[in-house]
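**Student:** Each chain, written out:
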Amino acid sequence: MTELRYLAPNSLDEAIKAFAAAGSAGRILAGGTDLLVQMRAGVVKPGLIVDIKKIAEMTKIEQTADGGFRVGAAVSGMALHDHASFGKVWPGVLEAVNLIGSKQVQGRASAGGNLCNGSPAGDSVPAMVAAGAVVTVQGPDGRRELPVEQVPAGPGRTNFKPGEILVSFTLPPRPKGSSDAYLRMIPRTEMDIAVVGLGVSLTLKDGVCTAARVGLGAVAPTVLLVEAAAKALIGSKLDEAALNAAAAACSAACRPIDDKRGTIAYRTKVAGVLLKRTTAIAAQRAKGN
Amino acid sequence: MAKVHVSTTINGEPSEFLCEPNDTMLDALRGPLGLTGSKEGCASGDCGACSITVDDNLICSCLMLAVESEGHELRTIEGMAQGEKLHPLQQKFLEMAALQCGICTSGMLVASDALLKRNPKPSEEEVRFWLAGNLCRCTGYDKIVRAVMDTAAEMRAQ
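From first to last, the protein sequence lines are chains S and X.
Its first residue numbered 1, the first sequence is counted upward by one per residue in this note's numbering.
Its first residue numbered 1, the second sequence is counted upward by one per residue in this note's numbering.
One or more of the hints may lead you astray.
Computed, partial: chain S to chain X, Cβ under 10 Å [unchecked claim]:
{"#": "1", "residue": "Gly23"}
{"#": "2", "residue": "Asp51"}
{"#": "3", "residue": "Ala79"}
Think about it this way: if two alpha-carbon atoms lie no more than 25 Å apart in a straight line, the pair counts; the simulated PhoX-like pairs of lysine-lysine are [claimed, not checked]:
{"#": "4", "chain 1": "X", "residue 1": "Lys143", "chain 2": "X", "residue 2": "Lys85"}
{"#": "5", "chain 1": "S", "residue 1": "Lys269", "chain 2": "S", "residue 2": "Lys88"}
{"#": "6", "chain 1": "X", "residue 1": "Lys121", "chain 2": "S", "residue 2": "Lys88"}
{"#": "7", "chain 1": "S", "residue 1": "Lys276", "chain 2": "S", "residue 2": "Lys205"}
{"#": "8", "chain 1": "S", "residue 1": "Lys88", "chain 2": "X", "residue 2": "Lys117"}
{"#": "9", "chain 1": "S", "residue 1": "Lys54", "chain 2": "S", "residue 2": "Lys161"}
{"#": "10", "chain 1": "S", "residue 1": "Lys88", "chain 2": "S", "residue 2": "Lys237"}
{"#": "11", "chain 1": "S", "residue 1": "Lys53", "chain 2": "X", "residue 2": "Lys85"}
{"#": "12", "chain 1": "S", "residue 1": "Lys53", "chain 2": "S", "residue 2": "Lys161"}
{"#": "13", "chain 1": "X", "residue 1": "Lys117", "chain 2": "S", "residue 2": "Lys60"}
{"#": "14", "chain 1": "X", "residue 1": "Lys3", "chain 2": "S", "residue 2": "Lys17"}
{"#": "15", "chain 1": "X", "residue 1": "Lys85", "chain 2": "X", "residue 2": "Lys121"}
{"#": "16", "chain 1": "X", "residue 1": "Lys3", "chain 2": "S", "residue 2": "Lys54"}
{"#": "17", "chain 1": "S", "residue 1": "Lys45", "chain 2": "S", "residue 2": "Lys88"}
{"#": "18", "chain 1": "S", "residue 1": "Lys205", "chain 2": "S", "residue 2": "Lys287"}
{"#": "19", "chain 1": "S", "residue 1": "Lys276", "chain 2": "S", "residue 2": "Lys176"}
{"#": "20", "chain 1": "S", "residue 1": "Lys45", "chain 2": "X", "residue 2": "Lys3"}
{"#": "21", "chain 1": "S", "residue 1": "Lys276", "chain 2": "S", "residue 2": "Lys231"}
Bear in mind the hints are in silico, worked out from the structure with no lab data behind them.
Beta carbons: idealized from backbone N, C-alpha and C, even for Gly.
Extracted from the complex, chain X is given alone in its bound form (with noise of 0.2 Å):
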């Protein structure tokens, strides 16, 4: 199969990359682009695990195809911390235990930071429907609900 030549810009930079013209844009950032933080839990779109943004629209990576990203402006988890300095959700993920095996973090971090961005006050069940498209196996939610809730409180404070 011709590989594909695509355009794009993740996390700000500039980038390019070959693919097949089915590999899904999770492949493509889990291989040839090296952006492994996105996660394959499902790829059906369940999980939630390979949350990116796409023109700062919340989408799953793996139910959009690589070659679609031609143009667009995709970010992903690497692009959360400004270098060593964690971002609030990522800092407030940590302090508050909001995470055990790690597989849905990075997923449940994207979401959240796109609800914020979207709603700087949610209530808690705002928060709940906005991540109801997250899975998570080990925390049981309340704390990852309580870490953004949180954030987002401290973020209006500032």
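Here chain S stands alone, though its shape is the one from the complex (with noise of 0.2 Å):
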């Protein structure tokens, strides 16, 4: 058996150096809900645990001067939930967030965690894509950021260099007008995994949509930006046309597996369905804001 260590660095430059160092061996602990899951079942032997908690950045909800939000990568669902506005701003992401397993789930796991677990299914990545976030990754070269649908490369693998670590998530300010909203289909009511997941962030302005974006979650191998949803519907009054047109570009960029959970033919309608429901949510809000 292998000698695990346990480090807890109250610095990002420490964490850094030392998950550098101990390269595939390393393991970033957030919440832990996917780590020590994955440790118990043998999946993952890691030489290296370093626990990011206890890095001041990592687990702070700010307001940023321009009016947007940055949130810690190891911010916990329930913290999320718990900030006096940032459920008020982004409706969307923070239902994305709290979607993720059990009460006892919420107060552990991060939407860090969930990005960087890499799962095609995780629910606040699609909300996360709509909402326009972007990241703030720092390694041994130095901080950089990126947008958040660049960051998975496929089912358990992110586009980050080694040694890299997730910081933050930027989200931007928003203008009068704007929301988001997040749904995904699950055939039971709680606890489960998305069968497809969907995400939308609009303005409106005069009940012209003026401003969209489309995550979709569950239907590739990685989450989707689906720029061509969010192009049919910019431009409209949300009417049946453009709804049916971004439903139809929905299901056009579902690449699908087929398994358990849902068959490639139901993933790809469910997804148009999402996109109509989910777009409903968001513009019903816009307009209170």
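Put the two chains together into one complex; each comes in its own frame, and the hints tell you how they fit.
**Tutor:** This is how it looks when you write it as structure tokens:
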């Protein structure tokens, strides 16, 4: 049995140094709701665990100078839920994060871990993609930013370079008339993995959609940004023709697998249905903003 | 493997123990700490039988490393009763037969207590969603949900 070391550094620099030195034996610990299960199952056998929760930036939720939000990579779902204003500004992102697991899991699990785990069905990822979130990562070569949709590389894989650690999500400021929503299809009411997940963020001005982004999950090796669906919504009054075109774009973007959760045909159809339903919720919310 | 020394607070008492770096908090509670009230049902965060609070935050102790408890305040089922005096939730679970085999019970109680501290007046739907991470194979949940609702009403009246 290889020796396992546990480190909980107070500084990001120290964390990166140790994580980079450990190479493929290193694992980052935020909430641990995936990592501990994988360790228990013997799927991963880390030589080093770097707990990032003592790094202040990782557990902080703050409003940026321009009115956006910066959410630390290790902020738990419950902490995000309990924040005074985050859920009012980004209800879709919050409802997506809060769909991950039970209340017990919410007490630990983070959007950062959900993204880094690389599951195509992670609930928070399509909502973050729709929100236009940008992630900050830091590694031995310094800090860089990339759009959240560029992070997943395939099931269980990310595009981070060796030694890089996810630091935070930055969500942009919201123009008047904006809101978002996330829906997932599961065969039960709670505690399940998405068959299809879809996030919509949009801005309405005098009833016309002036900006939109659509994130689609569980229907391809990675979560998708569906630009064709957004294009169909922008400039419309979200009328039936626009919604049909956007739904068709979502179905066309699907490259799903057949598995016990859903067939290819089913997932492809549901992607379009969810686009319409999620857009309706986001639009209803946007009208009040 | 070198054991790690951990200092923490459990049910208000300062506590120290030795553990392996890959031990879960549940391993430490049931092992060196001798607190066997928290149960291991699934060891993968699905069943909630190992529920505890860390700094008043409800979690599954099987999904937390024991070493992570350093410097934190933990509460387990053992801290729920005041000496011989049961917590109102415990009393109500007994009165309303909200348990059968008992494996889920400590997790149910810890989770319900965490709910009532956040929300003294939950709706039935809120109770059911809050306890969705606590599995019970005996009761069918109705008795548990009713016991939590009744306790909440009684605690509000006091």
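**Student:** Give a verdict on every hint.
**Tutor:** Cross-check of the supplied hints:
no. : hint                : verdict
1   : Gly23               : violated (18 Å)
2   : Asp51               : holds (6 Å)
3   : Ala79               : holds (8 Å)
4   : X/Lys143 / X/Lys85  : holds (22 Å)
5   : S/Lys269 / S/Lys88  : violated (31 Å)
6   : X/Lys121 / S/Lys88  : holds (23 Å)
7   : S/Lys276 / S/Lys205 : holds (19 Å)
8   : S/Lys88 / X/Lys117  : holds (23 Å)
9   : S/Lys54 / S/Lys161  : holds (23 Å)
10  : S/Lys88 / S/Lys237  : holds (24 Å)
11  : S/Lys53 / X/Lys85   : violated (37 Å)
12  : S/Lys53 / S/Lys161  : holds (21 Å)
13  : X/Lys117 / S/Lys60  : holds (24 Å)
14  : X/Lys3 / S/Lys17    : holds (24 Å)
15  : X/Lys85 / X/Lys121  : holds (23 Å)
16  : X/Lys3 / S/Lys54    : holds (21 Å)
17  : S/Lys45 / S/Lys88   : violated (40 Å)
18  : S/Lys205 / S/Lys287 : holds (9 Å)
19  : S/Lys276 / S/Lys176 : holds (22 Å)
20  : S/Lys45 / X/Lys3    : holds (18 Å)
21  : S/Lys276 / S/Lys231 : holds (14 Å)
Of the numbered hints given earlier, the model fails hints 1, 5, 11, 17; all others are met.
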